[in-house]
Amino acid sequence: MSNQAKVWVEKKAYKIKGEFSTLEPNTPIRRKDGKLCGVTNPRRLVHMHSYGGEAPFFAGLAKRKLLGTQCVNGKCEYQGSIYIPFRIFCPDCLAKMKIVDLTAKAKKTARIYSYIVTSRTGAFNTLKTPIRFIDVEFDGVTTILKSYQLAGEPEIGQRVIPVFRAKPTFTITDLAWVKADTKKPPKGFRF
Amino acid sequence: MIKFTERQLQVPRFMRPVYLVTGGQSQYARAFPEKRTEELCIDALTMAAEFIGMSPAELKGYLHTCYYGHFADHFGDQLLGEAVIHDRLGLDPLGNIGVKTGGATGGSAIWEAAKAVASGYSDCALAMGWERMDEVPTDEGNNYIACAADKDWETPLGHIYTGYYATMAQRYWQVFGKSQDSFRRTMAEISVKNHGYARWNPFAQGPMDITVEDVLKSAVVAYPLRVLDCCLMSVGAACVIVAEEDTAFKMCKNPLRLYVAAGSHSLRVADRRDMEIPLLPNETPEQYKDLDQAFPGGHRYPGFTGFLAARMSAWYAYRMAGVKDPTEDLDFVELHDAFTISDIQTYEDIGIRPYGRGREYVESGDCYLVNPHTHKQGRLPANLSGGLIGCMHAVGATGIMQVVECALHLWNRHAEIHGNPRLWKTFGKQKPKNWVDLQVPNARRALAISHAGVGSHVTCTILMHPDHLLKEE
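Heads up: the protein sequence lines correspond to chains A and B, in order. For the first sequence, numbering that gives the first Met the number 0 begins at 0 and goes up steadily by one. For the second sequence, numbering that gives the first Met the number 0 begins at 0 and goes up steadily by one.
Hints are computed from structural coordinates only; laboratory data are not their basis. Note that the coordinates shown come from a computational prediction; the quantities given were computed from them, not determined experimentally. Glycine included, each C-beta is placed from N, C-alpha and C at the ideal position. Treat the hints with care, since some could be wrong.
[Claimed, not checked] To give a feel for the contact side, a few chain A residues facing chain B, derived at Cβ under 10 Å:
# : residue
1 : Cys36
2 : Gln78
3 : Tyr82
4 : Gly139
5 : Thr141
[What the hints assert, rightly or not] Here are the in silico distance ranges between beta carbons for each label pair:
# : chain 1 : residue 1 : chain 2 : residue 2 : range
6 : B       : Phe426    : A       : Tyr77     : 53 to 61 Å
7 : A       : Lys166    : B       : Glu139    : 45 to 53 Å
8 : B       : Phe426    : A       : Thr125    : 36 to 44 Å
So that you can see chain B by itself, here it is in the shape it has in the complex (with noise of 0.2 Å):
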């Protein structure tokens, strides 16, 4: 579609307040040789229940239907993987269902869980995510992760991913970067600043401390983009627990609420028709009427510089949310930076700059803690957690991984889980002496987005703390 009805574009709506109750991960790691992915998953799902002072045991009482975000299955070589886990977890005879949707995947289990909750299916719902990305060599990865692109039309084109994305890259390289030494600089430093923010997180599998220059000397990819402009390859789980207003208060102190909703566009980028751009609530017509003069050969919308099924899911949630311009509302968030070029298109997407001007979030030091050029915090920093570049991509437990990690800035927990030195320990590392607490101050509100591939699915999942809602309801 190009053009929308109103039914379409009807905002949407849970018919009942749905809260975050708990979050829990495992460790991440390119490969896990001597740990089952069951493992991993009763790490993140023990993690939870103790986040809130229960049982295993305990917390499994309360859940009432599972959603498990499992992408690859060819990757374990096991179907219904779903119901290997559920098993495990001792949840069956508990309803649950498998969702793919590629690199958000995680996202879209949270879609599922908070949308049983908010129906009265079930006051409470567990959504886990996970990966197994070390069951075969990375040739035989890249071919699997290829065939998530059309297997007709592009899969054959040299089964790799790299390909059908970067082309992407090269556009907004082009057009809206135009090539400049300056917005490469400006791309490594997110590279930076993600392996930097890694270092503080015991979860983390790429944590590193490197500079642009180290960025820029990397091995090339697919040019512009370089070794270090792309996110891990990882295993690991993620889960949260969502309910009901009643049941989230009895199960903790503090829920946080959830808003979340989720957009699309064709799986091959080649489909993608010229259109008009849906306006967040923060953007005008006029503030694209020059594009083509400030930017030229960035008329076509989305063309291959925008993401618009990032752009649906923001403009779904902010109004389910009553955000009205991110910078201002939000807090802090999570982004999915498959790759330095795309997490500067999707400041775009949602509306944390306009179309073109995506590089001034980083340029401007708004998206770190401590902004490096004022040294007071950042405007709205951005994946503390190291996200994909840093911290991981274990495909389906990415989306979650991220809210997990909002939620602990928004409990204010965080510096309690990430300076944990018997959770370093556990995980085989030593904590660092010079260990910085990340924690965001007074966190009210946070985003996430879950992204797949080359924009076929986006969620955008919304936190904030029951005090400061920013809808009437």
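Chain A extracted, bound-state conformation (with noise of 0.2 Å):
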């Protein structure tokens, strides 16, 4: 891991270092009678991907904070309308919103409004299975939001709140949630 790939911004442009691109050797895929098909195309590879305005809503969960934002354009029809997920402007009026934390709010109110358990995951899933998806409502808030629970088994309706990755990833997956009535975050995580 000594030459892992690592990324930093240094006067608004990208520095990098480490490995970026490996190249495999490639092999031949044949049929049992030894006739040539194609071949294999093996390689590891990293993007650099900027969250942009949204950074401070995955910064947030590092701070065990979930933060989303609310439109105050005095002349948009729809004032005052809370988003999360996080939007960085305003769907209807397009004005910046401004961000708004919505821990609290999730605490109080936050209840399932569906849900899936499943096994299956794709290549690169970090998830252990089986993945319990939620989405979650929140009052006053316009959107649901898409997460997985960790602790207590899925229902409509049922009341949960937030924990958050104790090192976070800086990704979605360092908010997941519990059934409202735990009493100890899952290992790993934090209330």
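Dock the two chains into a complex; use the hints.
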């Protein structure tokens, strides 16, 4: 891991260090009778991705805060609407929205709108299976947040509270939920 | 948007009529280890040419622009795959463009081709779609498909699209299905029907003679969805040729009138705000006044139970084509049955049944070619091709396959193609001895819905025999 790809920003530009693209030898794909059909194309690559104006949300998770946004444009027909997932601009008036802390609202009002439990995952999954996918509704929030539940079996209408990864990855997986009466946070997470 | 201006609700209009001239498709399979994508595309174009008695070169001589539906570049590890296919079809230097709208890619390619003809830019255009989903193992494929969700807010959650889609199914199952065993059996019946119809389709990947019990015993993907509730993952290609009137009648004797419209909704279902239901011509506000009483929890529209994009595509297309009531005005449909439950949701979004009552379309027998209860012709047979569950879901080709299949019925040539023993043999299959002719008798009008993921893009294509138009022009 000493040569792990690392990226930082300096003078408005990406600076990179370490291995970003690793090519492995390809191998032939043959029929049982030996006829050539094709080849494999193995390699490892690293993307650099900007969160842009959504970065405060992902930084907020590391501080155990759930941040959303609110339209405060007095000329917007939907002024006051609160959004999580965090949107940078109001979908109606396109004015830049104000960041609002929804942590307390989530603790008091979050409930499951829908859910699914599945053991099927795609490559690169980091969540433990079975995954309890939940969609969370909050009072006074116009949207519904997709996430996952770590304690308790999900049910529609069930009250849940947020938990935050103790060692943040700065991805959406830093946020999870547990049944509201859970006394102890799951391993690796904090209330 | 949750409110629309009059301008936004303008009924789309073509500046001149658009006709479907011909169409073709390749065989569909989970993998073609010994075929390149261009071979499948050439199979489709060759079939389209032969269908109207032309050589491929003659047909190509009519084309002016090309619209290619290929959703997932990363599956084939080839950016600008459209340019590769365009070259291999020998169509350079004609203008061409790639269209990518997830599962609706095929329908969107037709939408683009039709607009090119309608505007006068081209007299004749090609819409060709394909997908190559066999170049990575299934778990990597699942990850790639999950990349069609929001990469920061959804994809890291399991890298599995089921996790983003099936919560919609769960909500529908509990609110409108009331978690009833009878509803679960109705879902399973759709799979039995579509796999069953696929048995008579030589192009189909998933023909099966199964029972409701077989579906209910298949492995759970994400409860209540089981393996046999889900569509296939496929490789294949399909194409249609559209043209303006004079050109269309030069190319063939009986072109079909084509109308197509599109709708959209947020990529993240999380972002879907509560709004009033935009009503289709056969709906009234009174119908939905007591929705929450009949189905507690069903008040929020579209919530996770409706597909606004599907509704809007039908909203526009019905008004374009003069459809007042789909069940009365259409003779059959091809719907995007990605999952049995989303098939039921679509019945409601396009006005075949009101919200919450989609199951009745199956339970009444209306969705069959022969109604199993009355033994008479079903009122609006659905997915006689086998659909995505029984025939294929080669994403970029799917919406085009549906339109080709509809056209075969309207031309009364369905049996000629599907019943051709040579075609079965070409695909390495034997035509079943008990092969059933699924031709819809006296078919005049049909509809195809092409739908992306959790409902981000949907197109509604309507085909009509020119002697049976619904709207004076």
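Results of checking the hints against the structure:
Because the smallest distance between the Cβ of cysteine 36/A and any Cβ of chain B comes to about 5 Å, under 10 Å, the interface hint for this residue holds. For glutamine 78/A, the interface hint is violated, the least distance from its beta-carbon to any beta-carbon of chain B being 14 Å, above 10 Å. This hint holds: tyrosine 82/A has a C-beta 8 Å from the nearest C-beta of chain B, less than the 10 Å allowed. Interface hint status for glycine 139/A: violated, as the beta-carbon distance to the closest one in chain B is roughly 13 Å, over 10 Å.
Using the Cβ-Cβ criterion of 10 Å, the hint placing threonine 141/A at the interface with chain B is satisfied: the shortest such distance is roughly 5 Å. Between phenylalanine 426/B and tyrosine 77/A the beta carbon distance is about 54 Å. The supplied range of 53 to 61 Å therefore holds. Distance hint check: the CB atoms of lysine 166/A and glutamate 139/B are about 27 Å apart, inconsistent with the given range 45 to 53 Å. Range check, phenylalanine 426/B to threonine 125/A: Cβ separation about 41 Å, and the 36 to 44 Å hint holds.
The earlier numbered hints that this structure contradicts are 2, 4, 7.
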